[in-house]
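Protein chains: 2
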Amino acid sequence: MNHPGHLIEVLLFIILLFLVWISFTNFGMVKRFLIGRPMRTAELSGQHTKLLWFIALPILSADLYSSVSYGPEAGMTELMGLGDGAKWYIIPITVSTVILLAILITSYIMGILAYPSGGGAYAIAKDNFKPRWVSLVASSSLLIDYILTVAVSVSAALEAISSAYPIVAPYETELAIGCVFLLLVMNLRGVAESAKIFAWPTIGFMVCMVIIIFTGLFECTRHGFVQSTTPPFGTVPKGISTLLVLKAFSSACSALTGIETISNAVPIFREPKQRNAIKTYIALGSITSFTLLGFAYLLYVKGISPSPQNTMLSQLTGLYFGHSIIYQIIIWFTFIVLILAANSTFTGFSQLAAIVAADGYLPRVLTNRGDRLGYSNGIIALAACASILILAFHAHTNALIPLYAIGVFLSFTVAQIGLVRRWLRVKGSRWKIKLAINSFGAFITAIVAVIFAVTKFMGGAWIVLVVLPILVFFSLTIRKHYNFIAQELHIDISKEFPEIREVTTIVLVSGVHRVVNSTISFAKSIGDNPIAVYVGFDDESINKMERKWEEWGYPCRLVVLKSKYRSVLEPLNRFIKIVEEKRGHEGHIHLIIPQFIPKRGWHNLLHNQTALQLRLWFLRHKDVVITTVPYHLKK
Amino acid sequence: MNHPGHLIEVLLFIILLFLVWISFTNFGMVKRFLIGRPMRTAELSGQHTKLLWFIALPILSADLYSSVSYGPEAGMTELMGLGDGAKWYIIPITVSTVILLAILITSYIMGILAYPSGGGAYAIAKDNFKPRWVSLVASSSLLIDYILTVAVSVSAALEAISSAYPIVAPYETELAIGCVFLLLVMNLRGVAESAKIFAWPTIGFMVCMVIIIFTGLFECTRHGFVQSTTPPFGTVPKGISTLLVLKAFSSACSALTGIETISNAVPIFREPKQRNAIKTYIALGSITSFTLLGFAYLLYVKGISPSPQNTMLSQLTGLYFGHSIIYQIIIWFTFIVLILAANSTFTGFSQLAAIVAADGYLPRVLTNRGDRLGYSNGIIALAACASILILAFHAHTNALIPLYAIGVFLSFTVAQIGLVRRWLRVKGSRWKIKLAINSFGAFITAIVAVIFAVTKFMGGAWIVLVVLPILVFFSLTIRKHYNFIAQELHIDISKEFPEIREVTTIVLVSGVHRVVNSTISFAKSIGDNPIAVYVGFDDESINKMERKWEEWGYPCRLVVLKSKYRSVLEPLNRFIKIVEEKRGHEGHIHLIIPQFIPKRGWHNLLHNQTALQLRLWFLRHKDVVITTVPYHLKK
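First to last, the protein sequences are chains A and B. So the first sequence is numbered by this note's numbering: it starts at 1 and just counts up by one. So the second sequence is numbered by this note's numbering: it starts at 636 and just counts up by one.
Where hints are given, some of them may not hold.
Derived DSSO-like pairs: lysine-lysine, alpha-carbon spacing no greater than 30 Å straight-line [stated by the list, open to error]:
| # | chain 1 | residue 1 | chain 2 | residue 2 |
| --- | --- | --- | --- | --- |
| 1 | A | K635 | B | K1159 |
| 2 | B | K1159 | A | K582 |
| 3 | B | K1115 | A | K622 |
| 4 | B | K1269 | A | K582 |
| 5 | B | K1130 | A | K548 |
| 6 | A | K562 | A | K582 |
Just so you know, the hints here were simulated from the structure itself, not pulled from any lab data.
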C-alpha cells in the first residue's frame, strides 16, 4: 500500500520542524526578517493622516460589508431543514435584518454625537455605569466577538476559495491557520488599519456585488421576476415554528457584525469629524442594505440551496457568469475582503485590550507596545485564540455562526443603555429625541440578544454565555490583584530604608573542576566564609569528593549531604531549613548555583538542568536569594 | 444546524484544559497520585526473582507472539492488489517467514552462548567492532524500532477493538494516544517487566489462537481442506512480480519483531540460565511457527480479504464463532497482548537508551532514575515519539508497517556479524559450527534488510533510512561534546585555586517601593557601593524617579537610563558594556534583579516577566553573574 498523502504530510512536517528549529536558534534574525526593524517610541505620533469620508468609507467598512457574503447564507442554512417551501422566509428575514441595521446605525450616530473622540461600547459603559462589571460585560463580549470575527471571516474566505477550487477543500483548516499566521505577521509589522491601500479591495468587492445584483435584475426583466426555479412565496411549510424563523433571523444577523468600527474611528476623519462619520454611516448603511436585499432576492429567485462545497455567493455568480474570469475576480475579491475584515479586527482587538488592561482589568502586558509600536501581545493573543477556534470547528463558518454576534448585540445593548443614562443625566440639545432613539435601540438590541441566546443556545451560544461571565470575573480578580500589589508594595519612605543584614552564602558544588573554581571564586569575592555543599548519591562519591576537596587545599568549608532519592533538591532543602532555624528569620540566605552555558542552544539538552529546577523550586517556596554564576563553554 | 459532535469535542477540550490546569498548579500532587511515592535507591536491588523457564516464556513472548495478529494481515494486504488469484502466495510467504524465524532463533541461541549475562545487539557490536558507529547503528536502529513497536502494537490493539465495536472506529487515534499515556503512567510507576501477572494474558492469547486453529482444522475435516471459498492454488495472476512477492514477504516479516527480548533477559532465568533461555527460545519458536502457519492456512482456506474496518483475525474468529462471547474474549485477549507488547518495549527502550547514554552517546538525562527507579526520561521520550508517529499515521497499522522491522533486521545483521568476528577471535568449543550458523544468519538477515529497504522504500522505509544516519551522527556529536567538556572543566588542582576579585554590583530598580527596598538591602549586605539602575521610557518618569530617590535619602548611587525602544534590555546592556570597558575583564559583574513571586502560579501572567527575560539574555550573552532576589507576595 502506498500512502502518497502521508509522504507529503511527513515531508511538510519535517519542513515545519526545520522552520521551528531555525526560529528557535535564530529567533532574533527570524523576527527581524518577519517583523522588521524596531521603531522608536517617538515614531508613534503623526501616524494618522486625516481621511476624507468617502475614502474612510471603504477602509472602515470591510468588517461590516464583508459579512454579506456569509450572513444570508447562514440564514438560509437554518431554513433548509424544511425544504424548498421555507425558502421564501429569507425575504422577510432579510427585510427585518435591514430594518435592524437602520436602527443600529441611527443609535450609533447618537453615540458619535455623544462621544466625538470615538466611544466604543466600553468607553460609553465606563462613563455611564458605576459598577465596573457593566463595562466589563461590554468589553469582554466585544473581545470575544473580535476573536470570532477573525475565525468566521477567515473560514468564510477559505470557503469562497475552495468553492472555486475544490482541490484546496481538504486543507481548509490548515490554510485558514496559515492566513491567521500571515495576518499575525502583518499586524506585528504594524500595518496601519487606515492605510489607503485597503480601500481598493473593498471598493472592488462592492462593485462586484452591485454588478451581480444588476445582472440578476436584468436577467429577471428577460426571464421574469418569478422564475421556474423560484420556490412558492407565502406557503407555510409543515413544521415551521416562530422559533425556527427566529433562529434563521439570528443567523442572518451575523451580517451586522462590524458596525461599531466607524464609531470607534471618529478621530481619523477630516473635520468636521462627526458630520463626516455620520455621512459615512448613512452611505455604508445604504449600500449594505441594498446588497443584502438584492442578494437575498436573487438567491430566492434562483432557488439556491446552501451546500458545504460551494458557497451560495459562488453558486449565484456561477449561474450568471459560469466559471469565467468574472467569476474568478468576484471570488478573489470576496476572499480579500474577508481577510481584510479579519485584519481590521486585529487593530480593534489589541487596542480595546490595551485600554482595558490600562485600567487594570486585563494583564498589563497587553499595554506593551512591540518593536513596531503595535500592541503585540494583544495581536498574538487574538491570533492564538482565533486559531484554536478554527481548529476546534474545522474552519466551518456555519458551525461558528451560532457563537457569533451574540457578543456584539450584548455590547450594543450595554452601550445603548449607557447612552440612555447619559441623555437623562447630561440632557443637551434635542435630548428627548436622542433618548427615544437610544431607548428604542436598547430595547431592540436586547431583544435580539435574547433571541440569539435562546435560539442558538444549544448550537454553541452557550459557550459564549459560559465564557463571558468567567472573563468578567477574571477581569475583576485581576484588578483586585493589582490593587492588592500596589498596597503591599507601598512603603513609607520616612520609615523604611535598606538595612544591612547578615548573609549566609551557600555554594552548590558538584566536584572539583573549573566551574566550581569560578563559582567559589565569586562567592569568596562577595563575602567571607561561604559554605560549599555537595550532594552525593552514594558513599563512594561522597568519600571521593571529601578527599579531593582536601587535596585541593580546602578552599572553603565543605558540607556533604547524602541523597537517598537521587534528588539534589530534597537534601539541600533540609540543609537550608537547618540554617534558617539556626539563625532565625533575620539574615539573608544566599544560594549560589553554577550553570553551564553551552555555545549552541541544543547542547542544553545534553546537560541536566538541575540549576534551573533548583532555582525555580527555591524561588517559589523559600525566602532564599539565588545567584546563577554562568560558565560559558567555548564550544 | 446542530453540531452535537462539536459540542462533545468542545466539552472534552474544556475538560482537558481543566486537567492541564490542575496538573500545572498541583504538579507535585498529580504526579504523586499518578506515579506513587518516591522510592529509595536502596530499593533497587533484589527486584528480580529468578524465573522458571515456562513462566518466563509467556512473560517474554508478548512482543514476538502478539505480532502474529498483524503480520499475516500485512502480508495479505500487499497481495490484495492482484485479486483473489494472488492470495495463495500467503502460504509460501508464511513458510519462508517461519524458516527465517528458525534461522533467527538459532543465531540468537549462539548469542546466548557467547554472552550469558545478556547481550543485546549494542553490547555485542560494542564488544566486537572497533569503530563506534557500528554499535551505534545497532542501538539506533533498535531504538527506532522500539518506537515503532509501540506505535504499531497500540494501533493494532485499537484496530482489534474497533473491529468488534465499530462505534469507537472514528476515535482510534485519540484512544491510541490515550493507551500510550496509560502505558507511560504505568511505566513511570515502575511496572516490573517480569511481573508474573503479565504471563496470564499471553497464555490466554496463545490458548485463543490454538483454539481458533483447531476449530478451523476441525471444520476442515467436515467441509474439506479445500472449500468453496478457497482461492485457487498455484495460479500465477497477471501483473505479479518477484518484487511484489518480496514486498508482501517483508510485510509479513513484521511478525518477527520482538525476537530479541529473551536474549536480553538471560539474567532473569533460574540456573542454568543459558539452558533455560535456550529452552524458552525453542518453545516460543515452535508455538509461533505453529500459529503463523495455522493462521495463514485458515485465512487462505476461508479466502478472507483484509478490510480497514475489520481485522482478518476478527473476520476469521467471527466466521467460526459469530459475535459470541468467545469472539469477545479473543478480541480482548488480542487487545491486551498487543498493549503488553508495547509495555515491554518501554523497559527495553529506556534500558538501552540508558546504556548508550552512560557511554556518552545520548543525553545524560536518560541515565537518571526517576522517583520509581525506572529511567523516566527514556520512558517519556518513547511515549512522546510513539504518540507523534500515531498522530502522523492516524493509527493505521498498515501505514506504519513499511517503517517497521527494517531497524530490527539491521540490528540483527550487525549483531550476527559481531558474533562471527567473536568466534573468529575467541574460538572455543565447537566454534566452527557456531561461526557457520552466525555467518549464515548474518547473510540471511542482511538480505532481508536489503529486501525491506528496496521494496518498502517509497512506502515509508526511506524515513527510517534518513533518520537512522542522522541519529548516529548526532550520537557521535554528543559524545564529542561530552569529551570536550570533560577536557575543558578539568583543572590542575596544584595550580588553580579560587581567587578573590573585585565585584561591581548593579541593582535593577523600577521605582521606590518595598521590593526595591529589600533588594537594595541585600545588595548592601553583600558589598559596599552597589549601583542602582533605573530604565525609564520617557523624561517624565525619569525625573520623577530621581526626585523620589532623593526624597528617600539616596540609599545608594542611582544611574538613570532612557530607553527609546521601550526595552529594558538594550540600555542595560549598553551600561554593562561601559562598566566592562572601564574595568577590563578582571572583576566580576554582578547584576541583581528583584522578582515578584505571587502566591498563585497564574498570577505570573499578570506581571511583565522582565526579570526572566533579562536573566536569560544576559546569562547567554554576557559573563555576568545574575542574582534573583525574590519578593513573595502575600496573596
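- If any of the earlier hints don't hold here, list their numbers in rising order. 1, 3
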